[in-house]
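Protein chains: 2
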Amino acid sequence: MIEVIAFDADDTLWHSESLYVMTQEGFKEVLAPYELNGDIDAKLYETEMGNLKTFGYGAKGFTLSMIETAIELTDGRIQGRDIQKIINAVREMISRDIKLLDGVAETIPLLARDYTLMMITKGDLLDQESKIARSGLDEYFQIIEVVSTKNKDVYQKLLDRNGIDIARFLMVGNSVPSDILPVLALGAPGVHIPYQYTWSHEHVELDQDPQGLYRLQNIGQLPELLNQIN
Amino acid sequence: MIEVIAFDADDTLWHSESLYVMTQEGFKEVLAPYELNGDIDAKLYETEMGNLKTFGYGAKGFTLSMIETAIELTDGRIQGRDIQKIINAVREMISRDIKLLDGVAETIPLLARDYTLMMITKGDLLDQESKIARSGLDEYFQIIEVVSTKNKDVYQKLLDRNGIDIARFLMVGNSVPSDILPVLALGAPGVHIPYQYTWSHEHVELDQDPQGLYRLQNIGQLPELLNQIN
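In the order they appear, the protein sequences are chains A and B.
Everything in the first sequence is counted per the working numbering, starting at 3 for the first residue and increasing by one.
Everything in the second sequence is counted per the working numbering, starting at 3 for the first residue and increasing by one.
Where hints are given, some of them may not hold.
Computed Cβ-Cβ distance ranges for the label pairs, DEER-style [claimed, not checked]:
(1) A/108 <-> B/27: 54 to 64 Å
(2) B/189 <-> A/112: 35 to 45 Å
(3) A/189 <-> B/115: 45 to 55 Å
(4) A/115 <-> B/167: 44 to 54 Å
(5) A/108 <-> B/112: 48 to 58 Å
Computed, partial: chain A to chain B, Cβ under 10 Å [what the hints assert, rightly or not]:
(6) 85
(7) 111
(8) 113
Footprint (simulated), chain B over chain A, 3 or more residues, beta carbon under 8 Å [said to hold, decoys possible]:
(9) 51–58
(10) 66–76
(11) 126–134
Quick caveat, the hints were computed from the structure, so don't treat them as lab data.
Here the structure is a predicted model, which is why all the values come from computation and not from measurement.
For each residue, glycine too, the CB sits at the ideal point set by N, CA and C.
Assemble the whole structure, with the sequences as input and the hints as a guide.
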């Protein structure tokens, strides 16, 4: 019997990766006039992966990775004003209006009537808090947690800290490795709702869907699935 | 009767601002060969203040503020390799060993026997978590909270979330505006222990010490103060 539904936020409740994709396109335009010693997307991804342990997930680490990528690909020839353009693009990305995904505005209030709703999101603390506040959804969520990473231990700690019984818990998210697999490993069901873009780091191919994994196309299908499970 | 003692972390339990001061000195060395159109310290502080709302407290926002300051003070003439030096200096700062302040290693285990210890720290989530883990102190703290800012509402939420009675709560920290005044406003005592450096933003002059404010020179004096209060 599910009583607590936890949601990822970025790309599950509101658009996020599309903004990163757009900012990355702008980054490529900034670099267009330069002769580069490598591929932008590949070098940026490599830099981001190398920086994850130090700078973590989120917009600020993304900015620093773009700057380092620009310096490296131009052999240090990148101009100061072009680096300023990169920072400005992120500042604009961070302050954009939050666009909820289709079905979220109707489904979340509906579910909040019957379930305890929880939000589990990773990224920069201040940025995530700001997005939550601007989303208008915070009133429906009794528990909101911003974490630096999502793995089995982190979910276990969040369950313990909030006194949640794993047998009554279900997680919903767009990332199989972050939102679904660690929760399945704890014995709870996970509902995967893909987003139109998936950051390579959050992509995983499964030979076969494991038990407890449900796949939906839209959050609007969630109430019916919950009726079936419960 | 105090039962829960909350501690700020940076510059209260371990050295932090001294690393920022050192990194800022290195930043000035990077800019030394350039003709600048303003004062480094003043422009950096102005940039940091302007960025607080977007990038928040912590090392990553500090890095972005240094980069923007360098671009502005050099009218965009800063070289890519010099910007890389700024990022590398922060990367080194983040990964340094944690140096506990005098008296912390003895006092915290002692207090943990008789009190519930809580840590309330602000900054970049991943960076703060990493410092907590590397400090070796986490086993003594039953509650650890990383927040994006510290004001009366934030403290109230932390008390509510952890079921703490304000009448049994005391806060210890090096920043009067962040660690002491908001807690006094809630009616709990605050113990100020100054650090050798105070970031301008965390400095405040008080005409007169308000009721409930205690001042110590060293954390080693805390057990005796608690005996007097309780």
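Practice item. Between the stretch 51–58 of chain A and chain B, see if three or more residues pass the 8 Å beta-carbon test, and mark the coverage as holds or violated. Key: holds (count 3)
Check your understanding: Under the criterion of a CB-CB separation shorter than 10 Å, is residue 113 of chain A in contact with chain B as hinted?
Key -> violated, 22 Å
Exercise for review: Using the beta carbons of residue 108 of chain A and residue 112 of chain B, state whether their distance is inside 48 to 58 Å or not.
Suggested key: Between residue 108 of chain A and residue 112 of chain B, where Cβ atoms are some 55 Å apart, the hint holds.
Review point. Falls inside 35 to 45 Å, the C-beta gap from residue 189 of chain B to residue 112 of chain A?
Key: Roughly 40 Å apart at Cβ, these two residues keep to the hinted range, so it holds.
Exercise for review: Starting from the range 54 to 64 Å, see whether the pair residue 108 of chain A and residue 27 of chain B falls in it by beta-carbon distance.
Suggested key: holds, 55 Å
Review point. Has the stretch 126–134 of chain A got at least three residues whose CB is nearer than 8 Å to a CB belonging to chain B?
Key: holds (count 5)
Exercise for review: Hold the hint about residue 85 of chain A up to the distance rule: shortest CB distance to chain B must be less than 10 Å.
Suggested key: Residue 85 of chain A check passes; min Cβ-Cβ to chain B is 6 Å, inside 10 Å.
Point to revise | Residue hint residue 111 of chain A, partner chain B, criterion CB-CB below 10 Å | key: Nearest chain B Cβ about 23 Å off; hint violated.
Practice item. May I ask you to test the hint 45 to 55 Å on the CB atoms belonging to residue 189 of chain A and residue 115 of chain B? Key: With Cβ atoms ~36 Å apart, the hint is violated.
**Study point:** Proximity test - 8 Å, beta-carbon atoms, the stretch 66–76 of chain A to chain B, at least three hits
**Key:** holds (count 6)
Check your understanding: Between residue 115 of chain A and residue 167 of chain B, is the Cβ distance one that fits in 44 to 54 Å?
Key -> violated, 32 Å
The structure fails hints 3, 4, 7 and 8 (numbered hints given earlier, in ascending order).
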